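Colleague: With the hints as constraints, model all of the structure from the sequences given.
First to last, the protein sequences are chains D and P. Per my numbering, residue 1 is the first one in the first sequence, and the count goes up by one each step. Per my numbering, residue 1 is the first one in the second sequence, and the count goes up by one each step.
Just so you know, these hints were derived from the structure itself, not from any lab. Predicted model only: the values in this text are computed from it and were never measured. Please note: incorrect hints may appear among the correct ones.
Since copy identity is lost for identical chains, a pair holds within one copy or between any two.
What the hints assert, rightly or not - Within a straight-line C-alpha distance of at most 25 Å, the following computed SDA-like cross-link-like pairs (lysine to any residue) qualify:
#1 108 / 29
#2 120 / 12
#3 108 / 136
#4 11 / 117
#5 33 / 19
#6 64 / 142
#7 108 / 138
#8 53 / 100
#9 34 / 181
#10 34 / 120
#11 64 / 14
There are 2 protein chains.
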Amino acid sequence: MHSVLINHIQKFVSLEPSEVTLLESSLNLSQIKKKEHVLQEGQVCNAMYFIIKGCFRQYIINNKGTEQTLQFGIESWWITDYLSFHNTTQSHFYIQAVENSDIIAIDKIVLESLLIQIPKLERYFRIVSQKTFGAAQMRIKFLFTMSAEERYNHFKNQNPEFVQRVPQYMLASYLDFSAEFMSKIRAGKV
Amino acid sequence: MHSVLINHIQKFVSLEPSEVTLLESSLNLSQIKKKEHVLQEGQVCNAMYFIIKGCFRQYIINNKGTEQTLQFGIESWWITDYLSFHNTTQSHFYIQAVENSDIIAIDKIVLESLLIQIPKLERYFRIVSQKTFGAAQMRIKFLFTMSAEERYNHFKNQNPEFVQRVPQYMLASYLDFSAEFMSKIRAGKV
Numbered sequence: 001m002h003s004v005l006i007n008h009i010q011k012f013v014s015l016e017p018s019e020v021t022l023l024e025s026s027l028n029l030s031q032i033k034k035k036e037h038v039l040q041e042g043q044v045c046n047a048m049y050f051i052i053k054g055c056f057r058q059y060i061i062n063n064k065g066t067e068q069t070l071q072f073g074i075e076s077w078w079i080t081d082y083l084s085f086h087n088t089t090q091s092h093f094y095i096q097a098v099e100n101s102d103i104i105a106i107d108k109i110v111l112e113s114l115l116i117q118i119p120k121l122e123r124y125f126r127i128v129s130q131k132t133f134g135a136a137q138m139r140i141k142f143l144f145t146m147s148a149e150e151r152y153n154h155f156k157n158q159n160p161e162f163v164q165r166v167p168q169y170m171l172a173s174y175l176d177f178s179a180e181f182m183s184k185i186r187a188g189k190v
Numbered sequence: 001m002h003s004v005l006i007n008h009i010q011k012f013v014s015l016e017p018s019e020v021t022l023l024e025s026s027l028n029l030s031q032i033k034k035k036e037h038v039l040q041e042g043q044v045c046n047a048m049y050f051i052i053k054g055c056f057r058q059y060i061i062n063n064k065g066t067e068q069t070l071q072f073g074i075e076s077w078w079i080t081d082y083l084s085f086h087n088t089t090q091s092h093f094y095i096q097a098v099e100n101s102d103i104i105a106i107d108k109i110v111l112e113s114l115l116i117q118i119p120k121l122e123r124y125f126r127i128v129s130q131k132t133f134g135a136a137q138m139r140i141k142f143l144f145t146m147s148a149e150e151r152y153n154h155f156k157n158q159n160p161e162f163v164q165r166v167p168q169y170m171l172a173s174y175l176d177f178s179a180e181f182m183s184k185i186r187a188g189k190v
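Modeller: Right, here's the structure in full:
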């Protein structure tokens with residue numbers, strides 16, 4: 001199961017066999033049940049989560065008291081609250097399993113030790129987090145420049161399987177649909 | 001002038017004197033006039049920009065044809081389009097000087113060479129970009145959870161000087177104000 005992460009790392013940096021062995025012995029797989037949280041608002045985020053199998057989402061409770069999904073993560077994605085992680089401050093976010101999932105949770109202290117022993121991992125995490133940030137910036141652009149129908153169709157075209165995997169109400173909040181547009185989708189009119 | 005960047009790097013990693021010398025000889029300072037762009041939509045983003053003095057913003061043209069500011073950067077901030085930078089794809093964003101500014105623009109090829117010669121810079125850029133990403137996530141949370149007045153007051157409290165530095169219409173789009181609330185601010189009613 002570690003091979004999914006090792007392979008992902010090797011897309012960005014080359015690991016020596018001894019480094020692969022070190023990673024395999026340092027990392028633990030966790031099974032997280034659907035709807036279980038790995039982070040809740042108010043907690044300090046002390047880990048980064050790599051998704052081996054399944055799906056997670058990062059969400060907030062908005063000012064209407066409803067859940068607003070800001071990010072999804074599926075296989076081979078990292079998910080965490082970077083600000084809470086780096087500043088050791090209380091998180092403003094929830095991170096929850098959308099499906100029964102297998103993840104590798106790397107604790108901050110373990111990560112720091114791995115980064116010292118395998119400095120090239122700095123490069124891996126730099127590139128991966130910069131690309132994730134870039135993707136998040138694109139999502140914001142889509143929210144401001146596309147109509148709800150365009151956002152839905154664009155997302156469906158880019159992630160055809162994913163649209164089937166998550167509850168529609170989560171997708172609706174992620175793509176910031178109005179209740180009206182959501183009804184159209186539910187009625188199969190889009 | 002390079003010392004601002006060197007000092008910023010040294011907040012995260014320790015540099016040897018030879019590494020400081022290498023950085024000083026590799027980096028060039030550019031003066032960018034107010035309203036000048038370092039990146040326009042459709043161009044490939046080939047550099048990262050560190051602001052020594054002045055202010056930049058990243059913006060898009062929204063579906064009403066108006067400029068929507070997504071991010072500001074001031075002294076000791078990095079600004080770039082990470083997705084375009086990493087994937088060598090056309091950018092969807094504009095990056096523009098809001099004031100006459102001094103920046104260090106690091107070209108992708110120069111950066112790659114510096115990262116090979118000073119691998120600990122990987123750590124610096126990892127932490128800085130993860131923190132920037134974390135701050136961007138917080139901005140999204142504020143957009144969804146605070147009223148326009150709360151967002152304005154929160155931003156003003158956190159950045160009292162900054163509110164005076166940028167045109168109100170840029171701040172309004174960054175904080176996603178309605179025209180109505182903008183008029184209240186203009187009339188001094190907030």
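Colleague: So, for every hint listed, does it hold in this structure?
Modeller: Now the hints, each set against the structure:
Only within a single protomer do residue 108 and residue 29 lie at most 25 Å apart by alpha-carbon distance; the minimum there is 16 Å, versus 36 Å between protomers. In the homo-oligomer, the alpha carbons of residue 120 and residue 12 lie at most 25 Å apart both inside one protomer (9 Å) and across protomers (17 Å), since each shortest distance falls under that limit. Taking the shortest Cα distances, residue 108 and residue 136 sit within 25 Å of each other both inside one copy (23 Å) and across copies (21 Å). Taking CA atoms no more than 25 Å apart as the test, residue 11 paired with residue 117 passes in both settings, with 19 Å inside one copy and 21 Å between copies.
For a Cα distance limit of 25 Å, the shortest separation of residue 33 from residue 19 qualifies neither inside one copy, at 31 Å, nor across copies, at 48 Å. When the C-alpha separation of residue 64 and residue 142 is checked against a cutoff of 25 Å, the pair qualifies both within a copy, at 23 Å, and between copies, at 13 Å. For the identical chains of this complex, residue 108 and residue 138 are inter-copy neighbours only, at 21 Å across copies versus 28 Å inside a copy, given an alpha-carbon limit of 25 Å. For the identical chains of this complex, residue 53 and residue 100 are intra-copy neighbours only, at 8 Å inside a copy versus 49 Å across copies, given an alpha-carbon limit of 25 Å.
With identical chains, the CA atoms of residue 34 and residue 181 are never at most 25 Å apart, being 27 Å at best within one copy and 41 Å at best between copies. Neither within a single protomer nor between protomers do residue 34 and residue 120 lie at most 25 Å apart by alpha-carbon distance, with minima of 34 Å and 39 Å respectively. Proximity of residue 64 and residue 14 under a CA criterion of 25 Å is satisfied in neither setting, with 48 Å inside one chain copy and 47 Å between copies.
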